[in-house]
Amino acid sequence: MVIEPDHLVNKNTSSAHDSMQDVEFNADTSVSGNMTTQPASSPKKSYNGGPFSLNYYRRYFDISTLDFFKSCYRSLNPLSKLDSYEFQEVGDLYGPIWVTATLIFLLFFCNSFAELLSSLGHSKDDKDVVIHVNYFKIILSSINLLYGYTFLVPTVLWAVLKFYLKVADLAPLTRFISIYAYANLLWVPAAVLSIFRGLLSSHRFLDGCLKWGCILLGCVLSGCSILVKLNQYFHIVFSNENAEEQKKHILLLMSLLAIPHLGFALAVKVAFFGTL
Amino acid sequence: MSNYTKIDQDQHDVNNDDFLIEPDVEPANTTNSNAAQTQDNAASASGTSGTFNFANFVNPQTYLDPILESNNVEVRERQFTGGNTLDESVVTTLKRDLSSISDKLLSILWPLRLRQKLKILQHFSGLSHSGFNTDEEEQSGSGSRDYSKEALKKILDWDLWGPLVINLGFSLIITYLQTRTLDDTSKSKAQPSSIFSGAFTLIWASLAVLSLNIQLLSPVKQQTEDGGTTSGIIGVSFFQCISILSYTLFPIVLGGLISIFVKFKLVRMVITILMLLWSLLCSWLILAIINNCRTPAATPQFLYDAVTEPQTGSDGDKRIFLMIYPIFLVYGLFSWFNVII
Numbered sequence: 069m070v071i072e073p074d075h076l077v078n079k080n081t082s083s084a085h086d087s088m089q090d091v092e093f094n095a096d097t098s099v100s101g102n103m104t105t106q107p108a109s110s111p112k113k114s115y116n117g118g119p120f121s122l123n124y125y126r127r128y129f130d131i132s133t134l135d136f137f138k139s140c141y142r143s144l145n146p147l148s149k150l151d152s153y154e155f156q157e158v159g160d161l162y163g164p165i166w167v168t169a170t171l172i173f174l175l176f177f178c179n180s181f182a183e184l185l186s187s188l189g190h191s192k193d194d195k196d197v198v199i200h201v202n203y204f205k206i207i208l209s210s211i212n213l214l215y216g217y218t219f220l221v222p223t224v225l226w227a228v229l230k231f232y233l234k235v236a237d238l239a240p241l242t243r244f245i246s247i248y249a250y251a252n253l254l255w256v257p258a259a260v261l262s263i264f265r266g267l268l269s270s271h272r273f274l275d276g277c278l279k280w281g282c283i284l285l286g287c288v289l290s291g292c293s294i295l296v297k298l299n300q301y302f303h304i305v306f307s308n309e310n311a312e313e314q315k316k317h318i319l320l321l322m323s324l325l326a327i328p329h330l331g332f333a334l335a336v337k338v339a340f341f342g343t344l
Numbered sequence: 037m038s039n040y041t042k043i044d045q046d047q048h049d050v051n052n053d054d055f056l057i058e059p060d061v062e063p064a065n066t067t068n069s070n071a072a073q074t075q076d077n078a079a080s081a082s083g084t085s086g087t088f089n090f091a092n093f094v095n096p097q098t099y100l101d102p103i104l105e106s107n108n109v110e111v112r113e114r115q116f117t118g119g120n121t122l123d124e125s126v127v128t129t130l131k132r133d134l135s136s137i138s139d140k141l142l143s144i145l146w147p148l149r150l151r152q153k154l155k156i157l158q159h160f161s162g163l164s165h166s167g168f169n170t171d172e173e174e175q176s177g178s179g180s181r182d183y184s185k186e187a188l189k190k191i192l193d194w195d196l197w198g199p200l201v202i203n204l205g206f207s208l209i210i211t212y213l214q215t216r217t218l219d220d221t222s223k224s225k226a227q228p229s230s231i232f233s234g235a236f237t238l239i240w241a242s243l244a245v246l247s248l249n250i251q252l253l254s255p256v257k258q259q260t261e262d263g264g265t266t267s268g269i270i271g272v273s274f275f276q277c278i279s280i281l282s283y284t285l286f287p288i289v290l291g292g293l294i295s296i297f298v299k300f301k302l303v304r305m306v307i308t309i310l311m312l313l314w315s316l317l318c319s320w321l322i323l324a325i326i327n328n329c330r331t332p333a334a335t336p337q338f339l340y341d342a343v344t345e346p347q348t349g350s351d352g353d354k355r356i357f358l359m360i361y362p363i364f365l366v367y368g369l370f371s372w373f374n375v376i377i
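Going down the list, the sequences are from chains Z and E.
In case it helps, the working numbering puts the first sequence at residues 69 to 344.
In case it helps, the working numbering puts the second sequence at residues 37 to 377.
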C-alpha cells in the first residue's frame, strides 16, 4: 500500500518511525535524519560542488520561515545592533533579494495606487491632473536603482576594507549585503505613507511636502540602521588602533558611506515621484 | 549492456536451428571473455552509456551495429513521442500541441484535483494527519492513486511551448493595454515595441529568478561534513519550475484578457484579485506536493502554521512560505499591471 512516486522520496524522521515507510530507507539516513530535526546538534552541511554549480549557493538560502521573520523583526528597530559573532556568519541572500523586491513592489504599488485614487477623484477632462505614466520605465529603473545600491555599495565597502585597509578577520561580503538589504525594510512605512498622495493631488504644496516627508523618513530610518551596525563593526575591526586613529578612520568611512545614501534617497525620489 | 544481448544471441545459436539472421561479421570477442566481462561492465554501464549515446548520435555508421552484431540494443529517451510529424499536416501538429497544452493547463490549474492529489499522496505515504477525512480516500481507492501518479507525472513533464504561448500572450495583452492608455493622452507618443520588449523580458526574467529561488530553497539531500547525508527531496529542475510557474501564470493572463474589455478599474481589481488568488493557490499546492509538505496546503490553518510555527513540519514545510512569497510578489505585480494600465 505504500505509494512511491519516483520524484518524492520521503525520508523524514517521523516517516522513518512510521512502519509504512519501509522501502527506500536504510540505517544511514535514519541517523542523519534524526540530526536534521534538531538544528542545534546537526553537523554542518558541506554543499558539494564548485562555484559554478547551483548547490554551492544553497548555503546562502539555508533558512527557514521562522529565521526569516526573526531577522526581519530585528531589523525593524533602526538602532538595534548585531551580536558580534554574527559578523562572521555568512548570513543569507534570500532576505537581501526579496526584501528589496518587496520594497520595489510596495513603492510601485503605492504610487500607482495613489495615481489611481487621484484619477478616480477627477473627471477624464482635466488632463494635467491625471497623469498616465509609462509604468515599465518606472519598474525597470527602480529595479536597477535599488538592486544596484543594495549590492554595489557593500561590495565596494568590502573591497576597500579587504584590499586597501587590509583588515584582518573581515566579515563575509554577504553579511554586508544583508545589513544593507534588511535596512531597506525601513523604507516600507514611507512607501505606504505615499498612498495619501492620491488624496492630495490638487494641492501641489501639500503633495510636495508629503513626497519629501516620505523620502526623508525612509532615508533617515534606513541610514540609521545601516550606520549603527557598521559603526559597531568598525569598532570591532579597528579596536587594535589607538583612540585617535580609530576615531579618524571611523568618521571618514561613515561620512563616505553617508554620501551615497543621500544620493540614493534622491534617486528614489526621482525614480518614483518624478522630478526632484 | 551489450553483453547481455550477446549471450542471448549465443544461446539462440545453440538452441535454435532456424535462427533468422546469420551475422555477417564475426563478433570480436568470444563468448567466454564476454561472460567474464559481464560483471565488470554491468558495474560501469551507467557511466559509459552517456558517452556511447553521443558517439552513436555523431557517427551514422554505428547505427548499423545493432543490425550487424545485435549487441547495442539501447533505448534512448526522447523529448517528443508523438510519432512522425513530417507526413501530417501542420494543422494536425498545431492541434496536438494545443491540446497537450490545454490538457496540462487543466491538470495544473484545477485546485480541487490538486488538493485531492496532495491528500492522497500524504495518505499513502503514511503522513496523513489525524484531522483528515480518510473515508474519502478509502472510497476513491486505487484508481485515484493511479490517477494522481499519472497527473503528477504530467505536471512534472516540462515543455516550453506552453510557457512561450502564455508569456507571449501576456506581453501582448500588456503592450496593448499600455499603448491604449498612453495614446489616450495626447501628451506622449507611445512606443509599443519598447513596451513589448520590456514586458517580455520582465516576465521571462522574473520567471527565471523565481525558479532559481525555488531550486535554491528546495530541501534537497546534502552531505554533511562528518560524512553523512541529510534527508531531503529530489529537487525539480530549472525548466520544470519554469513550466509549472508559467502554467500557473495563466489565470493572470486571463484576467488581463478580461480587463481589455472592462473599463472600470474597480471591477478590474476585483477580477484580478480573484485570478491572483487562483494562481497562487495552484502554485502553492504544486509546490507543496513537490516539496513533500505534510500539512494540508492552502488552508487558512496552513497559512497560520507556516508563519507561526514552521519548525514542526518537514523541511518543505519550513520553507514553503519562502517559496510562495516571491511568487506572490511577482504575480501580484503582474496582476497590478492588469488593473492600472
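To be clear, the hints were calculated from the coordinates, so they are not data collected in a lab.
Bear in mind the structure is a predicted one, so any value in this text is a computation, not a measurement.
Glycine included, every Cβ here is placed at the ideal spot set by N, Cα and C.
Watch out, some of these pointers could steer you wrong.
Over the 12 Å line for every Cβ pair with chain Z, so calculated as not near, a few chain E residues [stated by the list, open to error]:
1. Leu130
2. Leu141
3. Ser143
4. Leu313
5. Asp353
6. Leu358
Label-pair distances were calculated between CB atoms; the ranges are [claimed, not checked]:
7. Asp151(Z) - Lys189(E): 23 to 29 Å
8. Glu309(Z) - Thr217(E): 58 to 64 Å
9. Ala241(E) - Asn145(Z): 17 to 23 Å
Once the closest CB in chain Z is found, is it more than 12 Å from serine 143(E)? holds, 15 Å
Lying within 23 to 29 Å: is that true of the beta-carbon distance aspartate 151(Z) to lysine 189(E)? violated, 48 Å
Using the Cβ atoms, figure out if alanine 241(E) sits within 17 to 23 Å of asparagine 145(Z). violated, 34 Å
Per the stated criterion, does the least C-beta distance between leucine 358(E) and chain Z lie above 12 Å, as a non-interface residue requires? violated, 6 Å
Leucine 141(E) remote from chain Z - nearest C-beta pair above 12 Å: holds, 21 Å
Taking the closest pair, is the beta carbon of aspartate 353(E) still more than 12 Å from chain Z? violated, 9 Å
Least C-beta distance from leucine 130(E) to chain Z larger than 12 Å: holds, 30 Å
Using Cβ atoms and 12 Å as the threshold, tell me whether leucine 313(E) really stays out of contact range of chain Z. holds, 17 Å
Could you say whether the range 58 to 64 Å given as a hint is met by the Cβ separation of glutamate 309(Z) and threonine 217(E)? The hint (58 to 64 Å, Cβ to Cβ) holds, given that glutamate 309(Z) and threonine 217(E) are roughly 60 Å apart.
Hint compliance for this structure: hints 5, 6, 7 and 9 are broken, all remaining hints hold.
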